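So the chains spell out like this:
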Amino acid sequence: MSDDKNEKKVHGIVAEYTSVDTLLDACRRVRDAGYTKTDAYTPFAVHGIDKALGIKPTVLPWIVLGGGLAGLATALAMQIWMNGINYPYIISGKPYISLPAFMPVAFELTVLFASFGAFFGMWALNGLPRFSNPIFTDPRFDRVTDDRFFLYIDAKDKSFNQAGAEKLLRDTETEYINTVVDDDTSTVIPKFLITTLITVIALSFIPLLVVARMRVTTSSQPRFHIFPDMDFSPARDAQQTTSLFADNRAMRPDVPGTVARGELEEDLDYLTGIDMESLTRLDADRAKQLVRTYAQAENGEPENSDATPKTDAPAEEKSVMDTTPWLKNNPVEITKDVVLKGQEQFNIYCATCHGRDGRGNGLVNQRAQQIMASSWIPPSSMHQESLYAEQYPDGKLFNTISNGIRKMPGYAGQIKSKDRWSIVAYVRALQQSQNASLDDVPKDQQAELKAKKADVEKALAEQAEAERKKEEERAAKAAEKE
Amino acid sequence: MSLAIPNGLDNTVERPGERAPLVLGDTTYHDITEAVCQVAERPPGRGWIFGFLVAFALLNWLGICIAYLIYTGVGVWGNQAPVFWGWPIVNFVFWVGIGHAGTLISAILFLFRQEWRTSINRAAEAMTIFAVACAGTFPGIHVGRAWLAFWLAPYPSLNLWMWPQFRSPLLWDVFAVSTYGTVSLLFWYMGMVPDLATFRDRSKNKWRRMAYGILALGWTGSSRHWMRYEKAYALLAALAAPLVLSVHTIVSFDFAVSQVPGWHTTIFPPYFVAGAIFSGFAMVLTLMVPARTMLGLEKLITIRHLENMCKIILATGSIVGLAYGTEFFIAWYGQVPEEQFAFLNRALGPYWWAYLTMVSCNVLSPQLFWFRKFRTTPWLIVLVCIFVNIGMWFERFVIVVTSLSRDYLPSAWSYFHPTWVDWSMLIGSFGLFFTLFLLFCKLMPVINMAETKSTLAKQLHMKHNDEH
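So the sequence lines, in the order shown, correspond to chains P and H.
In this text, residue positions in the first sequence follow my numbering: the first is 805, and each later residue adds one.
In this text, residue positions in the second sequence follow my numbering: the first is 27, and each later residue adds one.
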């Protein structure tokens, strides 16, 4: 066995003691013999041993002080920056940087960081965790955490020689002296542990990757909700069904006998854009039908349709031509406010297809042309004679807005009657604007317009000139190359 | 290990000029190791298994209730206008308060060189951590959308780029309680490392040795290590002492900084801290008295230890009683009608039964500790302490619920009704607490062996000097 020990590196010599007093006595002797690289191992903190061994005081308090100051600085900087600078807002009438209110957190972080300093600083200074230590090879060293005291002299000490140290220790009250040698137990980590660790780490990335992928990609499906966060309203959409009502419709019809705000209008001319008096003369059936429709909308119940009286007037021949007696004039009094309202409504509802200038080339049309939508019927331009007031009376235009035409849906459900009449007024103004001469403009604004026109013409001329020059240069260059 | 203490070993009698022994009998260092290690090394007894099963079942029930709460929403609690801080906040303050005794024993008594703390500090510190875990659960689920509780951290919330509001006592509370939990954990673990090394060195089983070996960080008991360790321990104690006082002070700010009559009082910080220590010591005794018998630790946790804690309960209980009186005096002296009403309403209003329970449990029952018999008879101690625990829960109930249910606006007044979820969560939090505590008893060193040995060394040293 001694041969075996000689082959291994000797780290030092250890001696065992059974009481504090014998240990302290031995410590003093070893210190007096001039050894400095020594240590005592005890089951509890023995007071006075640092003197007996000559251990110097620790720098730990300075680390703790540093930690505390760092905590204080961090807390103050964090609070001042977050609540006073980056996102300042006033609470309880306190200033942005209100130190008294920041004190509690500053105190807590001071204590926290100082405690980290004490805890981690202590382990770092002690060189722990250190799981492989030659001293653990001593067979009796397990009792150091129970009831035995050990004194150790390191082989690296300048005055170390094995025989001398052993002799010195043998003179103390000890019954056990041993040489501490290298720990030759395997330090290889078991393979299955590594495999498990790698697998767990690899698997833990999967949810993270799924989350990351979901965050950066788009999907036509609604996003995934781990927690609904009130994202889904129990209220039904207009076209959905519900079991709450007998007719299963989620969107409710008007309550019978009620009228929506702003829709109380007895005048059918105003509501339809048709001269009802003339219509009754020309086409009594259709007039009756219209009256009934509007009455039903207001009263909620269909009238008895069997009792449709036949008029005495002879039925006129049906013509391919539109014979409806449309209102020739806008029933709303035209003022600047009405036209401006019409402009606002036109730009909201009409301009997306018809364009702000009414030429029929709004954004929807442009997109439809771009993707060459086969079923697309281009919206009409307002600026064609067939749509001027002479051929297309105000009433008819109103009717078109209300009930739609070709692909265009009716807007009666979205735009109030009054505002539809405003749009009619605005369309007329828009049409006139494209065919007006300078004389149509009020005198006091003519000069201003002339100046503007001159500016525009000048700019256009300059632009044309510049383009021409560029063209010439290009031609010249091309010629040079040849 | 017999229950009765032989004559001559009664260490509750003061002998002039002599220090009463804190470790009884002809105990050696090895006896201490054996006494503490056998608790963890022998197979669990029937009592332990039964207790653990009950506690674990309650813990699971708590988990189910929390899942139900998160799935359904906070409406499952009895919290209703105007009492939006119902039992969850009562339970939070109750548990945080309980935690305080652990730090007080380990830090403040350490700084005052009260050596009798050595055999009880470990379990008291463990109790602190488990109580803080129970306490932390309640505000965590009380925020409503519990999965966004991390917004309490100083983190720029994802969509708004907003920070927490540092002028709010509720945020101070987040920092105070989390700092307290962290520092208590470090303190507890650091104190355990030498004892975990003892467990490591005694382990026969390879896996057990490896597990305790990792936890012990390679502790050797080197004198240099001990020197820095003791320095770190003293520094941590010095840091934890003001910390423990700050935590319940800040918890009391949650109430005192608001305008609610009955909350808006400057007496709250000292009153809360005294109450916290009071309830914490009661909980320590409630746990330790049965534990010392069941685990066979009578020679280390002696009657003198229990008696000292009873004296602290008597002192803090009287402080709490004085605070109750002062509140009434200030309400009268301050001449604010709402305040006066709030306190009369507390004592004589619809919650008179809660106030009566609180005063009789907190102020009257600890007065029994003036009698030596009550301080030295274990089962009487436990009885009084259970009353104190009940009383302290009711104190928080009285503060939270009576003040909120009747504040400035009489049209909003209402009576608070807890639901079965409230009850389940209160009882379930005890399940969490006892599950952790019973696991601790079985897996960790329940008594600080190293410190107790050092107390014994001093005792032996003094005896040695006397003989000469």
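Be aware that a few hints might be false.
[Unchecked claim] 16 Å max Cα-Cα, derived EDC-like pairs, lysine to aspartate or glutamate: (1) LYS399/H <-> GLU353/H; (2) LYS1132/P <-> GLU1081/P; (3) LYS841/P <-> ASP946/P; (4) LYS813/P <-> ASP987/P; (5) LYS1254/P <-> GLU1275/P; (6) LYS230/H <-> ASP961/P; (7) LYS257/H <-> GLU970/P; (8) LYS1132/P <-> ASP1073/P; (9) LYS1222/P <-> GLU1137/P; (10) LYS860/P <-> GLU256/H; (11) LYS812/P <-> ASP946/P; (12) LYS484/H <-> ASP825/P; (13) LYS971/P <-> GLU1148/P; (14) LYS813/P <-> ASP986/P; (15) LYS484/H <-> ASP951/P; (16) LYS232/H <-> GLU1081/P; (17) LYS1222/P <-> GLU1081/P; (18) LYS962/P <-> ASP825/P.
Because the hints were derived from the structure by calculation, they are not lab data.
None of the values given here were measured: they were computed from a predicted structure.
Going down the list of hints, with the structure as the test:
1. Between LYS399/H and GLU353/H the CA atoms are separated by roughly 33 Å; this puts the pair beyond 16 Å, and the hint is violated.
2. Taken as a hint, the LYS1132/P and GLU1081/P pair is honoured in the structure, with Cα atoms around 13 Å apart against an allowance of 16 Å.
3. The suggested pairing of LYS841/P with ASP946/P is violated, with an alpha-carbon distance near 22 Å, which exceeds 16 Å.
4. Distance restraint check for LYS813/P and ASP987/P: the Cα-Cα separation of roughly 9 Å lies within the 16 Å cut-off, and the hinted pair is therefore satisfied.
5. For the hint pairing LYS1254/P with GLU1275/P, the CA-to-CA distance comes to about 31 Å; that exceeds 16 Å, so the pair is violated.
6. Our distance criterion of 16 Å between C-alpha atoms is broken by LYS230/H and ASP961/P, whose separation comes to about 35 Å.
7. About 33 Å separates the Cα atoms of LYS257/H and GLU970/P, which puts this hinted pair outside 16 Å; it is violated.
8. Of the supplied pair hints, the one linking LYS1132/P and ASP1073/P holds, its CA atoms being roughly 11 Å apart against a limit of 16 Å.
9. At most 16 Å may separate the alpha-carbon atoms for a hinted pair to count; LYS1222/P and GLU1137/P meet this at roughly 11 Å.
10. Restraint check: the Cα-Cα separation between LYS860/P and GLU256/H comes to about 14 Å, which is no more than 16 Å; the hinted pair holds.
11. Restraint check for LYS812/P and ASP946/P: not satisfied, since their Cα atoms lie roughly 21 Å apart, outside the 16 Å limit.
12. Taken as a hint, the LYS484/H and ASP825/P pair is honoured in the structure, with Cα atoms around 12 Å apart against an allowance of 16 Å.
13. Note on LYS971/P and GLU1148/P: the hinted pairing is violated, with a Cα-Cα distance of about 109 Å set against a maximum of 16 Å.
14. At roughly 6 Å between alpha-carbon atoms, LYS813/P and ASP986/P fall within 16 Å of each other, so this suggested pair holds.
15. As the CA atoms of LYS484/H and ASP951/P are separated by approximately 15 Å, the hinted pair is consistent with the 16 Å bound.
16. Simply put, LYS232/H and GLU1081/P have alpha-carbon atoms about 107 Å apart, too far for the 16 Å limit, and the pair is violated.
17. Restraint check: the Cα-Cα separation between LYS1222/P and GLU1081/P comes to about 21 Å, which exceeds 16 Å; the hinted pair is violated.
18. A C-alpha spacing of about 27 Å is found between LYS962/P and ASP825/P, which places the hinted pair above 16 Å, so the restraint is violated.
Consistency with the previously given hints fails for numbers 1, 3, 5, 6, 7, 11, 13, 16, 17 and 18, ordered from lowest to highest.
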